[in-house]
Amino acid sequence: MMNEYDVIIIGGGITGVGTARDCALRGLRTVLVERFDLTNGATGRNHGLLHSGARYAVTDRDSASECIKENRILKRIASNCVERTDGLFITLPEDDPAYQDKLVEACRAAGIKAESIDPAEALRLEPSVNPRLVGAVRVPDASVDPFRLSSANALDAAAHGARILTYHSVTSFIKDGSRVVGVRVKDTRTGEEKEILAAMTVNAAGIWGQGIAAMAGARIRMLPSKGSLLVFGHRVNRMVVNRCRKPANADILVPGDVVCIIGTTSDKVPFEECDDIRVTRQEVTALLDEGCSLVPALANTRILRAYAGVRPLVASDDDPTGRRTSRGIVLLDHESRDGISGFVTITGGKLTNYRLMAQMATDLVCRKLNVDKPCLTAGLPLPGSERRLNPSRADAVAFKAAEGRHGTMVKDMDFSHKSEVLCECEHVTKAEIAYAVKYLDVHNMVDLRRRTRIGMGTCQGTFCIRKVAEALAEELGCPQKAEEFLDQYVRERWKGMAPVCWGDSLREAEYMRKLYRK
Amino acid sequence: MQDKNVSVNNFEQCLKCDICSSVCPMLAANPRYPGPKQAGPDGERYRLKDPAYYDLTLKFCLNCKRCEVACPSGVRIGDIIQTARLKYGRQNRPLRDFVLADTDLTGSLATPLAPVVNRALGCRPVKAVMDRLVGVDSRRTLPSYSGRKFVRWFRESAAHRQLGFRRFVSFFHGCYVNYNFPELGRDFVRIINACGFGVHLLEDERCCGVALISNGFGAQARHQAEINVRSIRKAVSAGEPVVGCSSTCIFTMRDEYDHLLGIDTSDVRDSILLASKWLYDKVESGSVKLVFKSDYHLKVAYHTACHMNKLGWSVYSILLLKMIPGLELIVPEQQCCGIAGTFGFKKENYGYSQEIGKSLFDTLEAISPDIVATDCETCKWQIEMSTDLKVMNPISILAEALDFEKTQKSNIR
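Chains as they are written, first to last, in the numbering used here: chain Y, 58 to 575; chain C, 12 to 424.
Note that these hints are calculated values from the structure, not bench results. Quick reminder that beta carbons are idealized off the backbone N, C-alpha and C, glycines included. Errors might be hidden in some of the hints.
Stated by the list, open to error - Simulated coverage check for chain C against chain Y, where a stretch passes if three residues somewhere in it have a Cβ under 8 Å from a Cβ of chain Y:
no.: 1; segment: 21-34
no.: 2; segment: 53-59
no.: 3; segment: 167-173
If we strip away everything but chain C, and leave its shape as in the complex, we get:
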């Protein structure tokens, strides 16, 4: 006899209430997309019968996981769709998808040539060519590359300063910090050091693989994930939590590795944390003290990225920002910005991407803050491109507002 009629086949807990469809940003913008319920649990039954029932429009899923957050039955709708894409999706993918998805490769190639690459990516003829030949929409502002990788800066200028600490965190810097915006990594190291902790890099860090997964490169994603998990396991067994600044990298390693790539992360999952959560927990428990500048003033709108929503951790970033005296914080209702990683870069998706984000852009512009704060770099690109607003990671805002000298003194052990 069945103990409980609760299936291990997660999609069968679906009661077909359709709440997921009501929160799906893609469904609202694109009538060709069947929506999370149909693409997920409904479609899965038919795909189990015969993979020929795979629906090509599943490529429209943003993997924002808003459906999973909304589902009252705990069905992993987004996972079902992503798994189907990995399993049955298109076998011949354009070169463009690979260039967009393999951020380590693209980043490594672009960084040494950053000034040239950045100028080229910003100029109209190049964008027109990329649009036509490669399929990257010319209307999109492309992220610029840094001339010097974060890891190089760390090894040359920061590693030696870590020697004096007794407690450490391992930093998962991610591609954005390494290739595009090392300043955020530098802010992170400064803050952590001021809190009395040293920073280690992982023995071997690869891109978390989120773009590889969403572009259907499952095997390579798994390869990179295995390297990361091995490195993380090493750090965790040395007593160091693994902390990062990008909500999507952290979310991917905590949940997608297990759910989509079938990699067991149960022994390390709880030690993979977002910087704001780690910091908030330390402050809350009294083991770290933050001292802020007294003359800091800023009006901030906090945008909850979809993966942040899924992690359930925006509260930590919000509470951390609220600790800053003189910071006025406004938190509008969570909405999707529409970029969904590499999705919005593709020519065929630009229209959907901007339509989905429009309501968020309007909301943020109406608030008219000095700065928009968000934990996700692709949200940042999207909001900066689509509005006149400037976007920062909460860690960078914290770095601006902290009185480092006093903070450091308060945390000497």
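Here chain Y stands alone, though its shape is the one from the complex:
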């Protein structure tokens, strides 16, 4: 019997969808399985920073040069997901003044354009930075929306024949001797189980890749490192602001869409915590303290929520203690490493170089399959990023906002009939919700939030979720589910609001509680 697929990709993070796109573009019959929604892991829980590489220039030149190359590629192919903000590394009086020169020099060596500018110029470029700064370096950092980026990769993969199965978890591997020939998956929404066969299986499950590999009989040691971040109510900065010192906690403030995000912390956590990670009060305090020395305005800007992700750090293969980690890309050929053929793992790395990770994994898959096709992902723009539409001044804000989020894909939205704005904080219309349901694989409110920003604004959904839940249930053809959607969403929002619940956020939470208490 001939297999339906050439390659199975496990994991719907950016690495998984990027690999699915690459494989599909090279003509491989591709299926991606993800146990929840796309971007549910580290992809959806980070800074949204498109590194220039400057942060790694001093400590890891290879990573730095990878970053700047990918940075340039993504600005081109994912123009609608990337905002060319540029970044500053600011030196405060308490920082080592020698580090700035070291940084500039290391950036040059890695091919990153880095220029020292004087404090007055830095303040002119970015008025929000701490005026006590004594020096600054300008670098081509940018802001990237990981949800949109993943969504665009998935869309393009699907457009080239790939199947994307979200809410399908892998329950076991199908093996023929020491060869992986497929996986058994369970549809987590219907409970239905099925077998998927393919010559190659790619483990792109991030931190959960350890368990996936174990299921296949291989051992990978992941070292979960928790990073917490805070989202502020609006943008206080236009550029990415970094602290010019050896990488430490809370030293990057990224403007992402209409908010800005300070992060991150870095703490080892036990593997068991990865599925339900929470931000502690101490982390919030640490983030604020450090954040305020970067940009003082954060001291009196409303915090919307806190969240945390787990970095998929991998213990180096050559380090028996398992303590030394690699922050670079880790591609494991389990055939040569563990004697398990048909199975590879792609992990480590970072959001910025997901495309390169996908390329490396796909190259290996192609080699194993004896397919000789070049990688095309660096040259072809992602769906939505083909060109800028440049809406006219007279267009409604909701249309401009939808164009900002979906680029050229707004053409598939029915603004003539569904122009009613449901989420007013983020200007999301019924048309955008209908589009997301039709094209972007949405099954619940959280999926919808990731695709559209509904409920991500100042009120965190307080004002709109009832209307949105009803609209979503209607679009999905199951109006009876509206109540369940609503309930699920309120709980999810509360998780992020709880750690920062004081002042205005407390008032908002109380208002929400009054409105939705059963």
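With chain Y's structure known, arrange chain C on it following the hints.
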């Protein structure tokens, strides 16, 4: 750590309760207007990301500030919208907007030619031409100009009479008194004098700039505001409060200068007062005594102008009117008349303006008073044009009802 999670960015206190939208007169009349919450705090987040998110329909905001009065979180919604208009609004404005907005210029040109101008502005062919070429709606009754500016009258006929006083107030007469209706200024001077106070004019007074602000002429508004604040500061440091009869001028100088134009007025703000408030405070504290005619009878409906509502001072005008024996006072619920300064004069807004005001017109006509009292001159124009009622400033009603001789005697010091 944040002491309080209370933002200096005022719009972030918005809980999205939408009470503001429920009191917005424009939203109810015009579905194209996104309403105060969307135009204000919601829109501001996006404009901070990129000014390209500026929404042209923000021009529909009346700047009535009813949203700010209603907001339980103290968000300065109207200010956010006005600031955005000044910052991102249309750069090429029609000549019409400038003519409407620069009241000093228009007034100065019109006053010497008042009889001709008034007749012209009242005749149909001229109005038709203005409608078509300039964009001032022909259905609107245009305010008439006085042949003699108030300041000229004051200098020629009143200034010398101020010499005998020891206590003074500075009078911010405003454009309406100066160019359109000097009678109100004369009433004001008579009353203040009868109360035992002399009246000074400011060293240099310009239009408060409210129309310049709402038409997007920020730089000129700021220039005029700076001149006014300088003059006010001089008067205040000489111990004279600055008092006016127009609620909008007073409101603009007290709040808009600071909030919209970024001019620090904190040292003089408390001394910029509306005539009715100043007078009420004096009477209440016993330092001024008013004696009224015994045979005065009038049925009055008091209309609270939106800016009066924002000042929170309609109570002073109401209590002052209630002091008049024989005056029957009815105060209907506050509603917007729809004119919003120059807004209602523009051809494209006439329909909205009249629709917004309709409920107020009906209410007032049902009361059927002898006189409608209001502290705002544009409300007066709107109500007089849209109903058969006559409208007066409370100060003019007071002047009718006062027994000046007895009042003067009671206040000799």
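For each hint, the structure was consulted:
no.: 1; hint: 21-34; verdict: holds (count 8)
no.: 2; hint: 53-59; verdict: holds (count 6)
no.: 3; hint: 167-173; verdict: violated (count 0)
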